[in-house]
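Take a look at the letters that make up each chain.
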Amino acid sequence: MIINGGTRSYSTIQKRAFQLFIYGLGFESRSTKIASLLQPDTKIFALKMPEIRIHAYDRNVRFANTRGHAVISDFKDFIDSVLPTWFERRRSGHVKIGFDISSLNRLMLVEILIQLARLCREGDEIEVYYCPAAYEEPNWQFPQIEKLGPINPAFSCFNSDPTRPLCLVFGAGFEAGFSVGIISQLEPMLSYCLWGTGVDRRYDRAVRRANFDFQFTGFNTKTISYDIKDPKGAFSQIESIVYGLTRDYRIIIIPMGPKLFTFLAALIGMTYFGDVAVWRVQHSRISPPDSIPGTFCIGTALDISLMKEFSALAESANTEARTTLALGTSDLA
Amino acid sequence: MSSAPAVFESFNARLLSLEEVGQTFVSSPFLPAIASPNHTAVLGPRGSGKTTLLKMLTLPALLRWPDPSRDELLEKMNFLAVYVPSSLTWNADYRGFSGKQMSAEASDLISVSLFRHNVLFALLDTWREAARPTLNHNKAFAPFFLPIEATAEADLVRKLALHWELEVEISTVGGLKAAISGRIRLLQRLSVTAAHLGIGLDQLLAEHKFLSAHFLDDFSSFADFLQDAYEFRLKLALCFDEVEIAPDAIANSILKMPRSIDQRFFVKFSAAPYVGVAATLKEASIPTQRQDYDFVLLSSFSPKETRGFSEALFGAISEKYKVYQPSERILGASLIDDASKEVTTFPVDRYGAKGAHQKRFNSLFEHDPTFRAYVTPRNINIDDLSEGSENQRAALIRKIIWPVLIREEFLFRQEGTKEQARQKRRFRSTDRVADIYTGAGSLFAICEGNPRRIIGLIEPMIKSYHDRSLAQKPGAVQRSLQKELIEEMIAAYFALVSTVPISGDIAGINSLVDVISRVGNYFKDSVLGVEFNPDPVLSFIIDEKLPPLLRELIGRGINIGAFVIADVSKAVNVPYRLGEIVGLKARLSNIFAPHFKLPLAGGRTVNLSTILERRPRAGLQPLLQLFGEKI
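As given, the protein sequences belong to chains A and B, one line each in that order. Under this note's numbering, the first residue of the first sequence carries the number 1, and numbering increases by one thereafter. Under this note's numbering, the first residue of the second sequence carries the number 1, and numbering increases by one thereafter.
Honestly, the hints are just simulated from the structure, not real lab data. All C-beta atoms, glycine included, are put in the ideal place defined by N, C-alpha and C. One or more of the hints may lead you astray.
Covered by chain B, according to a simulated footprint, are these stretches of chain A (three or more residues, beta-carbon under 8 angstroms) [stated by the list, open to error]:
id	stretch
1	135–148
2	159–171
3	230–238
Cβ pair distances, simulated, as ranges [stated by the list, open to error]:
id	chain 1	residue 1	chain 2	residue 2	range
4	A	Leu-306	B	Ser-285	51 to 57 angstroms
5	A	Gly-123	B	Leu-162	52 to 58 angstroms
6	A	Ala-301	B	Glu-207	39 to 45 angstroms
7	B	Ser-503	A	Ala-70	36 to 42 angstroms
8	A	Ala-70	B	Asp-217	53 to 59 angstroms
9	B	Arg-185	A	Ser-81	30 to 36 angstroms
10	A	Gly-123	B	Asp-217	56 to 62 angstroms
11	B	Lys-320	A	Tyr-10	46 to 52 angstroms
12	B	Leu-549	A	Arg-59	37 to 43 angstroms
13	A	Leu-306	B	Arg-185	21 to 27 angstroms
14	B	Asp-505	A	Asp-74	25 to 31 angstroms
Beyond 10 angstroms from chain A on every Cβ pair, some chain B residues (computed) [what the hints assert, rightly or not]:
id	residue
15	Ser-191
16	Phe-232
17	Ile-541
18	Arg-615
Isolated chain A (complex conformation):
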């Protein structure tokens, strides 16, 4: 699913000529970092996050408006209408799309990826960017989990064997006790804890600390680190783990930790469409921290042909669903 990926200096982004760029407009300082570097003729969609007027929110909104970005308040309309319309009206030839996932929520991130897979054509290019935040001490409170479940219908493992035992593959973040709590709640037979490292040792320590030094006593859990700066390598690593598990387990990926892991989890969900679930954990945040952009970002080029294969599978599932239920034209994914 990933052609290449790695760290990118901000100066190189200025040279990228995107026809379309999508980013999340929220309260984090890093929200507009990459968008601020783009060439002026790029069509930029700024997806407005829920209005939480803290940190850099007002500044970011002012920035998007003054730069003429298309500020999107209705995400559903964006997915159902605005984005398809842009693709319909595009000029002939291939397009280059940039997608900054840093400040998007996980639901939006996944929906956009699915929609891009559907709308892009062979020969188009999609580059995904992620700005790791500069280190800030976590607040070490136990967050309250509010909801746990599939992130999207396409990623609900609707085709998996119900008789197989559960395996969790989760990304570890620095939310205190999160992963231990979720393992305890779901009680899988096996878990893989994927620990993103390599950006800042202080983050690495914080993640270790929030996950009780990865001592998941009482649960069959293996902890494996992956390099956040090497998304292609990380994808291969996670994909090979999942591949080995699909025969024997019902797999649920729970993308906690950096957004990059959610992105990778979505790609795994696409690769194993119907067989692997990707879940979302919704939790309370009393005072969400700001995320200041660090000194570099991470860029990834996606393999459009594989994205199209996923899209074809999803379309086929839609057709089957319509047949099964004698339905009209709605879609599963």
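With the hints as your guide, set chain B onto chain A.
Chain B in isolation, oriented as in the chain A frame:
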């Protein structure tokens, strides 16, 4: 990679096969009650052994249980147990995704049908297990033997498939299982598409007739099948595990089953103690102790009652490491061991001039003026606690042992001069977990007879003892390791508690962790307050003043094991009604005792609403406050 975890490495019987459960089962005092020919509700918090006990009723588990009492138990069992495991897929919360949601009716329909097909799996498995030729070789098991002859298999399978309205491609037991599996996959897909496309109940039913079938009919048809094919006259015990995670539509059906199912069946289910859905039933339908079910509560208010089982489980784990020593030799003695032995083997020593309690009484007497004020008018000879009769000691001394131990351990500095110590009353900067919570008796009290906790906490200690013995380093497990493992367990437990969702807005309460913190700190202040308190508050009544949402949250806390309730199965005057928690006496789980610096014993009771009315301390929840730099 696909193999099941080794016995005892998994703390969860859900992950063990029936055979593994039987092989490692440590005889439980609850088993005879659960195996009795009655409808039975097995209630207990997480890790209390509900799943193990239900699985122990099955033939594969009993076959592998090497216990002399087994055949006697079997003789009394006039039923064939059908174990129905729980599944996450039943739960609409785990099936639903953000955005479009299925209608409640359609969601219930899918849930019930998913459950129904899990039931079919369970019936099929039971039949297959009863066909094992080994059953016929053992007199006690022979009545349960249901052979599947090769020449008859296809015919039998076709009959069952017909009963269950399943289309099988190959008429074998495996083929039947594949047909059920295919149905579940179809249901999974329906669940997704119906939610996403907004399909309603009518359309689902119109397209898929099988959705209207109910598992009660499947039970009846299975019983008919056994009668026709085998002239099987024993009853069937339908054993539903973890009913608390089932959607309401399923849980309601199970709770009401004794009133709707025929005489050929017993219904046995396990659930966490607070079955919230029961409270939503119509008044007359609420399952009641003895009237509908015999309730068996697996937790105990008094840790002393669980000591025997804890020791037995400890022995079984020790055997795995070929360690054959008593728990006190391996873990060291604790203050509880001191206290309990006072009654039996060492009637005088613990209170004698050099006894452990004597020293602590002396120390507190020296440092705590309020304790002196308590002791002096009561004519307690602080220099010789062994003075007087046993009854006098019980009345005067033993009842205040824990407050004395806790105050002496935590309250006063022992550094500096005696005069300084008298003047400075403050918390001693001891380790995060104090020594008084280590040693066999304290560790067992913290685990409260909960098998999962015992395995999780104590097995690493036994392993350490074993490893040290091999390295020629004899002696009990180091207290430092015990404290470290206790800390880890508490941290993980808080993490688990933080996953309990809070429904709606409860004035001033942010989470279950918040409630636990407030209760724990209230109790702590009662023990470690300015004045010596001989009878501190250490339990509460779930009273009527609590708003319904808060009661619900407390119920969830009970289910997760954060609160321990008094044994509802022993309610004499008014039979306990499932789901009713108002009026119940409860306490904090002992797992929190080291964190809040609490006694491992009971105490006075106040209303929970009184506790929660008190203004909470600022910044109660941070992880750093819990365990400092350790984590």
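message: Quick check: does the Cβ-Cβ distance between Leu-549 of chain B and Arg-59 of chain A fall within 37 to 43 angstroms?
response: Holds: the Cβ-Cβ distance is about 39 angstroms, inside 37 to 43 angstroms.
Non-interface claim for Ser-191 of chain B, where every Cβ of chain A lies beyond 10 angstroms: About 7 angstroms separates Ser-191 of chain B from the closest Cβ of chain A, which leaves it inside 10 angstroms; violated.
- request: With respect to the beta-carbon atoms only, verify the hint that Gly-123 of chain A and Asp-217 of chain B lie 56 to 62 angstroms apart.
  value: Since Gly-123 of chain A and Asp-217 of chain B have Cβ atoms about 57 angstroms apart, the given range 56 to 62 angstroms holds.
message: Within 36 to 42 angstroms: is that where the Cβ-Cβ distance between Ser-503 of chain B and Ala-70 of chain A falls?
response: holds (39 angstroms)
query: For Ile-541 of chain B, which was marked as not at the interface, is the minimum beta-carbon distance to chain A over 10 angstroms?
result: The assertion about Ile-541 of chain B holds, with a minimum of 26 angstroms to chain A.
message: Looking only at beta-carbon atoms, does the pair Lys-320 of chain B, Tyr-10 of chain A fall within the given range of 46 to 52 angstroms?
response: violated (58 angstroms)
query: Quick one: are Arg-185 of chain B and Ser-81 of chain A within 30 to 36 angstroms, going by C-beta?
result: holds (34 angstroms)
- prompt: the stretch 159–171 of chain A covered by chain B? Criterion: 3 or more residues, Cβ-Cβ distance below 8 angstroms.
  reply: holds (count 7)
Residues of the stretch 230–238 of chain A with Cβ under 8 angstroms from chain B, three needed, outcome: violated (count 0)
message: Given the hint of 51 to 57 angstroms, is the C-beta distance from Leu-306 of chain A to Ser-285 of chain B inside that range or not?
response: holds (55 angstroms)
message: Within 21 to 27 angstroms: is that where the Cβ-Cβ distance between Leu-306 of chain A and Arg-185 of chain B falls?
response: At 25 angstroms between Cβs, range holds.
task: Take the stretch 135–148 of chain A, compare each residue's beta carbon with every beta carbon of chain B, and decide whether three or more fall closer than 8 angstroms.
output: Since three or more residues must qualify, the claim that chain B covers the stretch 135–148 of chain A holds, with 10 doing so at under 8 angstroms.
Checked against the numbered hints above, the structure breaks hints 3, 11, 15 and satisfies the rest.
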